[in-house]
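There are 2 protein chains.
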Amino acid sequence: MSLIVQKFGGSSVANAERVNNVARIVTDTYKKGNKVVVVVSAQGDTTDELIEKQMEINPNASKRERDMLLAAGEQISIALLAMAIEKIGCPVVSLLGWQAGVRTTSSHTNARIKFIDCERLKRELDHNRIVIVAGFQGITRYGDVTTLGRGGSDTSAVALACGLHADLCQIYTDVEGVYTADPRKIKDARKLDEISYDEMLELATLGAQVLHNRSVELAKKYNLELEVLSSLTSAPGTIVKEAAKVESMLISGIAKDTDIARISVIGVPDEPGLAFKMFSKLAASDVNIDIILQSVGRDGTKDIAFTVSKDKLADTKKVIENFMPSLKAQKVIFDEDVAKVSIVGAGMESHSGFASKMFEALYNADINIQMISTSEIKISVLIKASDADRAVAALHRGFFD
Amino acid sequence: MSLIVQKFGGSSVANAERVNNVARIVTDTYKKGNKVVVVVSAQGDTTDELIEKQMEINPNASKRERDMLLAAGEQISIALLAMAIEKIGCPVVSLLGWQAGVRTTSSHTNARIKFIDCERLKRELDHNRIVIVAGFQGITRYGDVTTLGRGGSDTSAVALACGLHADLCQIYTDVEGVYTADPRKIKDARKLDEISYDEMLELATLGAQVLHNRSVELAKKYNLELEVLSSLTSAPGTIVKEAAKVESMLISGIAKDTDIARISVIGVPDEPGLAFKMFSKLAASDVNIDIILQSVGRDGTKDIAFTVSKDKLADTKKVIENFMPSLKAQKVIFDEDVAKVSIVGAGMESHSGFASKMFEALYNADINIQMISTSEIKISVLIKASDADRAVAALHRGFFD
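Protein chains in written order, with this note's numbering: chain U, 19 to 419; chain C, 19 to 419.
This is chain U alone, in the form it adopts within the complex (with noise of 0.2 Å):
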């Protein structure tokens, strides 16, 4: 007997039909002697509508009151799930995020599990029951409603798993599991079988949309089992684990993020410690900076772009703007419509030669580059956001054919 989280993104329980899916998935796997948890989204569309009925009456509500809006969606899947499940006959309850102990730190919109407190999970497997956990959503010390941010979800399912000392945690997708390059843009994409934490990692961290990287770090922290597959199509799907067999291709992967956006800084004095008071500002304001690059201008100035998530622009705007007095910057210029591409794998780290492939690669396909960031196992341009999906798919061609 095995204990498995499960979790289920917004467009798995998005109708009555898919509910049911999962119900089946859920019961399955709990029909066979697993303990089963499982961790759903809000439904489809219900995170926007909720948003839209904020709009309407206060665009600038606090984070707080955002989290209460927000964590009323998973509220309701946690509870359809539920009912699916009672339907079918098993044993079943659904848990708030406060409920199933989840304590995150007080950063409203953007907080981060501290622990989890699994005396009521604990007891409820004991009783042998399916449980249910609401996603994205926890509580803080002083009892508060957060919500997670980004792949909030994905993070709540594997820090429950770390927490239960779950043996795998399934992140179910609309997707069968990881590819070479988004099965929806690239016909020629492969199924991963097997990934490592870290190329998973600089995947995640790229916007290739299939697992958060909080949470690929915390399943690597905790060396625990993920498995990426899909809640549509009983297909094995892709392990994600520390030593994952070394495929014969040296790149893992191709991803693509166009939720991003560059902020370029002109003509700032070349004063110590500007730079880095603008983004201790930005980093209090949890805006999180995603590639810096910094040239030398001219007259003894010099000139600063970074790039951040685009739902941070609005924050890193207005921290700009009360900084621009002391920055004493020429100008300042924010473009949204740029894309990071990236090509991710181990093998980088031992071989030469990805660079150039991959310039040459958009060179022919005539894209020009922005910006560029490099790590051991990944190499990232910013480019047109027009010019993304043209690239992922001369990258792929360069790589995999």
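Calculated directly from the structure, the hints in this document are not laboratory data. None of the values given here were measured: they were computed from a predicted structure. Check each hint, because a few of them may be wrong.
Claimed, not checked - Here are the simulated lysine-lysine pairs, DSSO-like style, with alpha carbons at most 27 Å apart: (1) 299(C) to 328(C); (2) 105(U) to 336(C); (3) 105(C) to 328(U); (4) 49(U) to 81(C).
Claimed, not checked - To give an idea of the chain C side of the interface with chain U (calculated C-beta under 10 Å), a few residues: (5) 90; (6) 91; (7) 350.
We put the beta carbon where it would ideally sit given N, CA and C, even for glycine.
Knowing the structure of chain U, use the given hints to seat chain C on it.
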């Protein structure tokens, strides 16, 4: 400085415009130097939409999961109201039932408030914040979300007001106060300035739909002054308190209740205890019986007729069908086409002739009376549902013209 609890029903917060209107009423009260706790129901159609989602998946879902689902409704409305108040610029915090310390029994979908743990509420009020509380919901000692059943938000508001020793509890509705009859139906209906708890209690019990009886009972017990008033006009409402001003008229109102069904159990053997057993089984299923009539039948049998609210009819049928073998009744008739019409007034205790005047008015209007029930301050009759509006009009003419 007073502590005022204000309650707004679902229609008062049905859309963004109405939410803003409620925010204005609340902040006006706050700006006059009062401490304000606000209790809100789910937005207009939210509850119906959630029930529709449930019915599509599992019409026989457990009561626990139905509570989990429905409680999301108030979560949405409290967050939106808090956001509207933030926009006006007053400090505010929204609290779910469990955060506000509303502890209930475990009787899901029809829980009763056991006590209010006011610690967090008091802390928020000490911080000078307007506190928005989700009505209709609470939490059991086991940490499960419950709902309070019909009229639950009124009860939440009164219970919070009692727990906090509030000076006044204002119940905002879509009418301007308590009327001698439904003002939407009877154009000569008069608004009362004051009414006693007992009179209000009879009106509430009788389906006047202004205040739920549990909330009035609670207010009476703690001698809490209630005001029933409209969220759409600024007119003064009706005060409900112990020593109400004696109005010149002898009856204070006429009430109609069409949310009622009659069950007739025909030909029960005249054995002791059979009726008692049936009613105790109904009580165990949380079915409240209203009028009971027992009559001697033929051949040593008797007939028992009683009424329940329509939403309890399914539960009632189930209990009766299970109990049929032991009941040995000849047949059972379920009739939903009934209405209860009542006259209420403290004056009845000391004056006679009300019953004959009532029956005369109904006779003149050619309305047949099926059952009669009386108390010290009210007389109720059961009639055909289609006669109800005509009956109220006839009684209003008879008593108030």
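Checked hints:
1. 299(C) to 328(C): holds, 18 Å
2. 105(U) to 336(C): holds, 19 Å
3. 105(C) to 328(U): holds, 24 Å
4. 49(U) to 81(C): holds, 24 Å
5. 90: holds, 4 Å
6. 91: It holds, given that the least Cβ distance between residue 91(C) and chain U is near 8 Å, below 10 Å.
7. 350: Violated, about 29 Å.
Of the numbered hints given earlier, the model fails hint 7 alone.
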